[in-house]
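Trainee: Work the whole structure out from these sequences, hints included.
Protein chains: 4
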Amino acid sequence: MAPYGSRLVVPVDLKKKPWEQELPLHNRWHPEIPPVAEATTGELFRVEMIDASGGAITQNYTAEDAKHADLSAVHHLSGPIRIVDNEGIPAHPGDLVAVEICNLGPLPGDEWGYTATFDRENGGGFLTDHFPHATKAIWYFEGIYAYSPQIPGVRFAGITHPGVIGTAPSMELLNIWNGRERDVVENGIQSLKLCEIEKGTDKWEKIAREAARTIPGRENGGNCDIKNLSRGSKVYLPVFVEGANLSTGDMHFSQGDGEVSFCGAIEMSGFLELKCDIIRGGMKEYLTPMGPTPLHVNPIFEIGPVEPRFSEWLVFEGISVDESGKQHYLDASVAYKRAVLNAIDYISKFGYSKEQVYLLLSCCPCEGRISGIVDAPNACATLAIPTAIFDQVPVGPRLVRKPDVFKCTYDGNLPITKNPSASS
Amino acid sequence: MAPYGSRLVVPVDLKKKPWEQELPLHNRWHPEIPPVAEATTGELFRVEMIDASGGAITQNYTAEDAKHADLSAVHHLSGPIRIVDNEGIPAHPGDLVAVEICNLGPLPGDEWGYTATFDRENGGGFLTDHFPHATKAIWYFEGIYAYSPQIPGVRFAGITHPGVIGTAPSMELLNIWNGRERDVVENGIQSLKLCEIEKGTDKWEKIAREAARTIPGRENGGNCDIKNLSRGSKVYLPVFVEGANLSTGDMHFSQGDGEVSFCGAIEMSGFLELKCDIIRGGMKEYLTPMGPTPLHVNPIFEIGPVEPRFSEWLVFEGISVDESGKQHYLDASVAYKRAVLNAIDYISKFGYSKEQVYLLLSCCPCEGRISGIVDAPNACATLAIPTAIFDQVPVGPRLVRKPDVFKCTYDGNLPITKNPSASS
Amino acid sequence: MAPYGSRLVVPVDLKKKPWEQELPLHNRWHPEIPPVAEATTGELFRVEMIDASGGAITQNYTAEDAKHADLSAVHHLSGPIRIVDNEGIPAHPGDLVAVEICNLGPLPGDEWGYTATFDRENGGGFLTDHFPHATKAIWYFEGIYAYSPQIPGVRFAGITHPGVIGTAPSMELLNIWNGRERDVVENGIQSLKLCEIEKGTDKWEKIAREAARTIPGRENGGNCDIKNLSRGSKVYLPVFVEGANLSTGDMHFSQGDGEVSFCGAIEMSGFLELKCDIIRGGMKEYLTPMGPTPLHVNPIFEIGPVEPRFSEWLVFEGISVDESGKQHYLDASVAYKRAVLNAIDYISKFGYSKEQVYLLLSCCPCEGRISGIVDAPNACATLAIPTAIFDQVPVGPRLVRKPDVFKCTYDGNLPITKNPSASS
Amino acid sequence: MAPYGSRLVVPVDLKKKPWEQELPLHNRWHPEIPPVAEATTGELFRVEMIDASGGAITQNYTAEDAKHADLSAVHHLSGPIRIVDNEGIPAHPGDLVAVEICNLGPLPGDEWGYTATFDRENGGGFLTDHFPHATKAIWYFEGIYAYSPQIPGVRFAGITHPGVIGTAPSMELLNIWNGRERDVVENGIQSLKLCEIEKGTDKWEKIAREAARTIPGRENGGNCDIKNLSRGSKVYLPVFVEGANLSTGDMHFSQGDGEVSFCGAIEMSGFLELKCDIIRGGMKEYLTPMGPTPLHVNPIFEIGPVEPRFSEWLVFEGISVDESGKQHYLDASVAYKRAVLNAIDYISKFGYSKEQVYLLLSCCPCEGRISGIVDAPNACATLAIPTAIFDQVPVGPRLVRKPDVFKCTYDGNLPITKNPSASS
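Chains as they are written, first to last, in our numbering: chain A, 2 to 425; chain B, 2 to 425; chain C, 2 to 425; chain D, 2 to 425.
Keep in mind the hints are simulated off the structure, nothing from the lab.
The reader is advised that the hints may include incorrect statements.
Claimed, not checked - Far from chain A by the CB rule (all over 12 Å, computed), these chain C residues:
(1) 41
(2) 129
(3) 173
(4) 325
(5) 349
To be verified - Subject to a maximum C-alpha distance of 16 Å in a straight line, what follows is the list of computed EDC-like cross-link-like pairs (lysine to aspartate or glutamate):
(6) 207(C) to 33(C)
(7) 16(A) to 120(A)
(8) 350(A) to 33(B)
(9) 68(B) to 120(B)
(10) 350(C) to 286(D)
(11) 327(D) to 184(C)
(12) 285(A) to 346(B)
(13) 327(B) to 184(A)
(14) 327(A) to 184(B)
(15) 18(C) to 65(C)
(16) 285(C) to 346(D)
(17) 285(B) to 286(A)
(18) 355(D) to 33(D)
(19) 207(D) to 33(D)
(20) 16(B) to 111(B)
(21) 355(B) to 130(B)
(22) 68(A) to 120(A)
(23) 327(C) to 184(D)
(24) 68(B) to 33(B)
(25) 204(C) to 33(C)
(26) 350(B) to 286(A)
(27) 18(A) to 71(A)
(28) 17(C) to 111(C)
(29) 16(C) to 130(C)
(30) 350(D) to 286(C)
(31) 207(B) to 33(B)
(32) 207(A) to 33(A)
(33) 355(C) to 33(C)
(34) 285(D) to 346(C)
(35) 204(B) to 33(B)
A virtual CB, placed ideally from N, CA and C, is assigned to each residue, including glycine.
Mentor: Shown next as structure tokens:
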């Protein structure tokens, strides 16, 4: 008989604060953050994670906690996990670590999540100029499905995934990051600091001073927010330090492409069951540097076979002309913004407030595409929404239906206790 | 018995030049270009189209024609087609025209296409800094499949679609376009002029002077290059002039999201079978202006049910750090560029030249996604390639395979006469 | 430049009777029916076909023609086509012929079809005890879609395929067929004879006497009525005579699993574009005899990538207890009958007559599954119906809807001229 | 805040025997088996289940336990669960209970299963004439994936589902069952008796004497073995007794259509998370009796949205001619047997023993279809296998590959400890 089941290598305790966990979490990338666990190639191991806010954003039906969220602390990652092969030899810089996500989900007993927007002055979001105030929706999970009292008439199967998964950077790579981001990162984010647990020693002071934030995705993977990195997918991560030092966190029950509201997936606590391989020398063999140093690489991944199947999509176009009518040259970000705004307006005609739709499009399994990127001067982006997520609202397609059959409003702050989909 | 089959409203003759066609084509948008045909709501009608280059790019195995392509003439559109209802009342400004694409394909007897890049000085493309020279691949169609002697080892089912479909702008909208594009459009494109057929009269001189180029997608639809606008899909176009004046062209046997090489789909001649409805007052009821005037709208569409089904995808990430290592702030265009470059490098390890892969990713059914657009400072874009397009090359997934089993090179200009996939 | 497009090897003229076609058709299987055309491996060739009834069932809105259909003549096949390799060497007995269906569709200008039931005394059908009278529905095609004035509220994309595709049997195999079928085939079918064209000569008398009917599928493929043998699929057929002698016919715009009404797909004229390979010695290498001789084999095939995508299915179960309450032992045919009857009753609650639903389930892309075949004494079969085929009728799923919103009746014979879906 | 998560209404303890469980299990259908739990409409509740053999078939690498399996005891069901509405009013006979499967899976800590065949004399299976001896394969789960040391080179995502789900029959329905099955059920199965726990009292003697076996599916649902009844699906069950008395069991990690080897899915312990609705009077409104009494109905269900996505299928045909060459008249069971035998032979050419393939086709997500059921005298059935389940073996499609690259044999009894897929 073979062993089976997964070995829990990083547990979390949701009753404790992020800095009270038995195995310390971390919210910065740095080569000297020591591994808290080890996993061997071929074994199935389990990693548990707290939610992106570390418990700061709660189940209360108010957006006050989102309004005052401390963005300097978000993304308490589980790990680092040192990856070694069957003979105990660790992954080396230049190797690839192939990480297969065999299973994942919410933590048992904690089957809920939230989607929020931040205040414009405290992090904002993709459409913060249109939605400057903090709002929040709570989602409850019924197995594969999620529903929200704040956005009634909607229920959908999530494509659950970790927002953050990555390896530790080498010092050289970290220096590249810190160098190039110095000028563009906004002040509010630059001033973020390591969380409490890492204080005290000289070493931690050094790490806190040098380490990179977990907000963006980078060469090591990181906060890529790729919504299809779900069950059965496999990501090939470059190794920059001995042991690879794999970290993960920021679990999403579901997310739309772009995660437009920023705190924008259905954020939750959760677990991953992973299986790793080491591909010796794989970084050189399979990846190609896209910049001045051999470190300028990006991960590759394969999508798993069990995503929800949707057959009917309603698609909104956007071009790179902004809301003031100004032309931007082949700018896919502007085009996508326009597509999202169009979708929000259309769906709001069916009885939702725009705040509700903004939250919804940030977290439902909608697809954001770069359709045309060469037809000067307009980039064309599209946002495709699977109509099956609306379980009571007749939002297209096939018939253009009269948008008057469903009415609900929610400004992101009002308590709503009735769950309209509970009886469906 | 009911009538059946489609009525041919715009025929083309591939033996004639664009300006010799019986029903004049047009390559500009202008409200005063007169309709050449009429279609009634509910009837199935057929529109034929010449290829994007108007026959200038030929089946010859050389990129010389792509190199010297006259971009001022591309997109000879078929139409305008005036849309009227069952009682003969035309579509009015403020209505929506719902256009269903019931069928489409190459023109019988002309089952081939091409994918090309332009010279950097003559139009360029998304990666023109990396691929500054004109290249070309010829594709032959075997029913739903396409293969190219220039890119052996690849054969795939296309998601065929029109690159351009749109309604005529009103004078007010045209003025908005001309105003906002004045500063950002490059000189080479701005100097484009109407093609020969439209010369001579005072009216045509006026139109030629005022009309907008067909290169970008805009409020009227236009060259959106949405690769999923295929069989069974339905697009809701705003109406700006009486009769809607629907035009279409630039047929693509297949295209990748972004159409990165610019002349970048599998360009071909072709036909559409369309069915229209008029939604009276629909523009106000279903679309929302996203700018300073009520004209700042964008079309909505629904995807059809018969796209090729792919189950295994290899995905490349890109972040908004450019090839020089410079940081861009949440720039999805830069992130997508990086993802495409990564994919090109990876696939070129399997025996292809980078020119071959650039052409391939521009025209195969790959998906370009905006994965993260809020995680400052990096946008994260992904390019997903269905591995089934490789019929002989072991490009992932599931095993990281040794990239040494397949060798071929093609610099975009060399004649290759053998069709390696013909015997498969 | 390479040649492209397909070579027409078997044309048909729909204005002529089956026995007046330039290349003779045939409606029996016999090794001595001479090839009418030849195709070379690797080339794309086109075969045209008349409809299953040979024009006897017409577009008239009456079931009189179905009532008096001459089943002795159905399935006028196009071919045989002799298959040779690049050096002109024909396929040999013991080889496999791999036939790829690159494209197919209705014949241009003949975009309509019919679904019918026969009288119980003249062929019947799967549920002839419940539906003993001839009925008929006419379908009109709008590109990928079909709709019927007789079954309003329904419109769907077909999975178009040839009902019959097969190779000629050897004399030895033909003798096996004639022997084993002698006792089980009903009288009415046994008395069938070759059609007119084959009369006159001694040789034809011999063939007419010996040849097998095209009704059933057999070792050579034949009338397998596999609804997924559509665009992009590839069937591996055993070769029993020199040249393989490939024949095909009985085109279906769409069919449900089982083709329950017998004349039960959307029958139409049509064309195939095929590409063949010869796998030398493949019959022995890849197939295994399942009976007393090496000839007892069955074809293998691969499904193509462009079938319509449906996401929501309503599924009806059936067990092997018949309508009288009698138990049958693990009988999948009885179980499937029960599942189909259940589906007919359910859908008829939404305003349809049972005759309409019987015709619909015979021709729409529904799936018939053998779910349990071992749980004595009940086989369990299921019929799954994609709910998207109903474009106006709220037939499930997700909400159990009140079945009172839609009313229409049709007894299979009444002229109905209005097309309710034309305006959608 | 709303409550969330599921309420455990039926726990099981895998360390205990079936008859030692805290809440008694049952392996017969009878109206008087008392409910062990209650669930309210709209609430999410959790049911745990032991495996079909009740622990008799173990993880040992020998088929001895399968050989001596006591079929009189299989299917220890969890329940009955009494279903009541929000006001405490139970489901009544004539209602429908809509049961949504929100989630399911193996029991934590017990992530393994088995597929077995029984001896011909002890239950047999669909192909018992060809495979008369007991065999067994053990499967280990890695999240969504399963692999078996006994069938190397295979790894796939399961479509997990309960084999048995049903409501209690009324006495009238039970009498119908017992009457009609008396003559056809084999002796060995007829002699089965209730398991130990139910012994002792007069009432239990009566129940044991009258109750129906759980082996077949029937009007109440039951052992339908519908492999698509997975996450997100919803089954509408008729109610025959007050409270509906819902029971479920026989969890399958994965099963092929037909479950051909009889003990044939990947059998495992597991859990369901369910949500019920009561549709008052729904039995009469939505179901139609298909026999002499109003009780002759069958359930309806809807398939969920998260089944594994496969794009490439290899399909084997079978016709209703048996292995001796004898013709059967439109017999779908014979046709399916032939299709399965053909598939076994084909795949065994790639290095597997036939016993291995028989087990594999019984439990992998293959599809069994009734393709033609009217083309006398041959029914045509097909078996479609997703080629992606083979992770190392080049079993089709697209190229007919030489079947010599992979060698392994397993007679169903030999211990094999190496897991060839562990390193993939």
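Trainee: Does each hint hold? Answer for all of them.
Mentor: Structure-based check of all given hints:
no.: 1; hint: 41; result: holds (39 Å)
no.: 2; hint: 129; result: holds (34 Å)
no.: 3; hint: 173; result: holds (45 Å)
no.: 4; hint: 325; result: holds (39 Å)
no.: 5; hint: 349; result: holds (23 Å)
no.: 6; hint: 207(C) to 33(C); result: holds (10 Å)
no.: 7; hint: 16(A) to 120(A); result: violated (28 Å)
no.: 8; hint: 350(A) to 33(B); result: violated (34 Å)
no.: 9; hint: 68(B) to 120(B); result: holds (6 Å)
no.: 10; hint: 350(C) to 286(D); result: holds (8 Å)
no.: 11; hint: 327(D) to 184(C); result: holds (10 Å)
no.: 12; hint: 285(A) to 346(B); result: holds (12 Å)
no.: 13; hint: 327(B) to 184(A); result: holds (10 Å)
no.: 14; hint: 327(A) to 184(B); result: holds (10 Å)
no.: 15; hint: 18(C) to 65(C); result: violated (19 Å)
no.: 16; hint: 285(C) to 346(D); result: holds (12 Å)
no.: 17; hint: 285(B) to 286(A); result: violated (56 Å)
no.: 18; hint: 355(D) to 33(D); result: violated (45 Å)
no.: 19; hint: 207(D) to 33(D); result: holds (10 Å)
no.: 20; hint: 16(B) to 111(B); result: holds (11 Å)
no.: 21; hint: 355(B) to 130(B); result: holds (13 Å)
no.: 22; hint: 68(A) to 120(A); result: holds (6 Å)
no.: 23; hint: 327(C) to 184(D); result: holds (10 Å)
no.: 24; hint: 68(B) to 33(B); result: violated (33 Å)
no.: 25; hint: 204(C) to 33(C); result: holds (9 Å)
no.: 26; hint: 350(B) to 286(A); result: holds (8 Å)
no.: 27; hint: 18(A) to 71(A); result: holds (14 Å)
no.: 28; hint: 17(C) to 111(C); result: holds (14 Å)
no.: 29; hint: 16(C) to 130(C); result: violated (36 Å)
no.: 30; hint: 350(D) to 286(C); result: holds (8 Å)
no.: 31; hint: 207(B) to 33(B); result: holds (10 Å)
no.: 32; hint: 207(A) to 33(A); result: holds (10 Å)
no.: 33; hint: 355(C) to 33(C); result: violated (45 Å)
no.: 34; hint: 285(D) to 346(C); result: holds (12 Å)
no.: 35; hint: 204(B) to 33(B); result: holds (9 Å)
Checked against the numbered hints given earlier, this structure breaks hints 7, 8, 15, 17, 18, 24, 29 and 33; the rest are met.
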